[in-house]
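**Q** With chain Y fixed as given, assemble chain Z onto it according to the hints.
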Amino acid sequence: MTHHRDIGADPPDEYVEAEIHRLLAEDPAVAEQGITVVRRERALVLYGEVESPHRREEILRRVSERFPDVPITSDIGVIRAQAPTEIEQLP
Amino acid sequence: MVIRIAAVGDVHLDEDVVGRFRPALEELPECADVLLLAGDLTRHGTEAEARCVAEEFGGLAVPVVTVLGNHDHQCDQVPQVVKVLQDAGITVLEGNGVVLDCAGGRLGIAGVKGFGGGFAGRCASDFGEPEMKAFVRTTTDSADRLGAALRSLDCDMLVALTHYSPVPDTLAGEPLEIYPFLGSYQLGQAIDSAPTALALHGHAHAGTERGTTPGGVRVRNVAHPVIKQAYSVFHVGDQLDTDQVSPIGQSGIQRSWS
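Chains as they are written, first to last, in the numbering used here: chain Y, 1 to 91; chain Z, 1 to 258.
No lab work stands behind these hints: they were computed from the structure.
Just so we're clear, the structure is a prediction, and the values are computed from it rather than from any experiment.
Even glycine gets a Cβ: it sits at the ideal position worked out from N, Cα and C.
Treat the hints with care, as some may be off.
Simulated DEER-style distance windows between Cβ atoms [said to hold, decoys possible]: (1) E131(Z) <-> R22(Y): 17 to 23 Å; (2) K228(Z) <-> S64(Y): 23 to 29 Å; (3) D156(Z) <-> P12(Y): 39 to 45 Å; (4) P23(Z) <-> E14(Y): 26 to 32 Å; (5) D156(Z) <-> V70(Y): 54 to 60 Å; (6) A124(Z) <-> A25(Y): 39 to 45 Å.
From the structure, some residues in chain Y lie toward chain Z, with a derived Cβ separation under 7 Å [as the list claims (entries may be wrong)]: (7) A25; (8) A29; (9) E49; (10) E51; (11) S52; (12) P68; (13) P71; (14) S74; (15) D75; (16) I79; (17) R80; (18) A81; (19) Q82; (20) I87; (21) L90.
Isolated chain Y, as found in the complex (with noise of 0.2 Å):
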């Protein structure tokens, strides 16, 4: 016999991936669009840099506060922004 998803059932995972995806670049208190959403067995993992700690922050706020049932964990660091210690040179 088949079984037939129930209307209302929680909507598959890739359409959540996809939807964090828009979220994250759509959301103007996010904005970005180089984070990459990782389905894991256990979870969603948010990959990707960003400027400053409190940006960090904010997608994972943003993101659990939209999908509370979903578990995320996030690995995303801050760009560093030393100086550069080496040159490229180009005859």
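**A** Same frame as chain Y, now just chain Z:
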């Protein structure tokens, strides 16, 4: 003749970032003749965010030249953004160029934001729905203006500055599916239509640093998440000795990062 070019793109400034780049920027006069910004200076392209850019990148001891990026267009405040930047002494290019007198010669910089469309053999075509034609024509128009600006400059060394990428090489690391949103081959074609020495772009945060156009022009992706430092420095010229490839002095600011 050697001209020293510092460059970074995609700094996405807002109040929370002001001050992070400044210590490194203060070191610029020791290592560069000019600073080029490859667009996406702001998060949403608001006048308030542009003031953050002006505070961070204005009043430097080297000339600053920029193009805008897609983020700088988000809130439809481009004229206000451009004015704030220009008032801070930053030259904003869009389909035009500027020539700077540097110690090593006259540096010509032509810039456009550019647009998507994809790369040879796998690109969008000027065909079909009006929306599709408008998309492709935006790219073509941008590339045409870049080519014309490059060919118009009277200088000793020519640099192309864009936000979108002119080649797929520097996108390596990005998903293949989004390449058409990251750049277009027409920009590369424009760069190859002039004796360009170096092409700099941003936009592709997960891309890689180095590439070349089909015509052999060196391309560098200077998006901040790619270079992972305040800016990269390129010494461009034809009389470089190997011993010139050396550290540029102190090892940068000492700070911890998370």
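**Q** It remains to establish, for every hint, whether it holds in the given structure.
**A** Hints versus structure:
1. E131(Z) <-> R22(Y): 17 to 23 Å: holds (19 Å)
2. K228(Z) <-> S64(Y): 23 to 29 Å: holds (28 Å)
3. D156(Z) <-> P12(Y): 39 to 45 Å: violated (59 Å)
4. P23(Z) <-> E14(Y): 26 to 32 Å: violated (44 Å)
5. D156(Z) <-> V70(Y): 54 to 60 Å: Distance hint for D156(Z), V70(Y) holds at roughly 57 Å.
6. A124(Z) <-> A25(Y): 39 to 45 Å: violated (20 Å)
7. A25: violated (10 Å)
8. A29: Hint on A29(Y): violated, closest Cβ of chain Z at ~10 Å, above 7 Å.
9. E49: holds (5 Å)
10. E51: holds (5 Å)
11. S52: Since the shortest Cβ distance to chain Z is 4 Å, the answer is holds.
12. P68: Hint violated; P68(Y) Cβ to chain Z Cβ min 26 Å, cut 7 Å.
13. P71: violated (23 Å)
14. S74: Nearest chain Z Cβ about 12 Å off; hint violated.
15. D75: violated (12 Å)
16. I79: holds (5 Å)
17. R80: holds (5 Å)
18. A81: Because about 5 Å separates A81(Y) from the closest Cβ in chain Z, which is inside the 7 Å limit, the hint holds.
19. Q82: Cβ of Q82(Y) sits 4 Å from chain Z, so the hint holds.
20. I87: holds (4 Å)
21. L90: holds (5 Å)
The structure fails to meet hints 3, 4, 6, 7, 8, 12, 13, 14, 15 from the earlier list, while all remaining hints are met.
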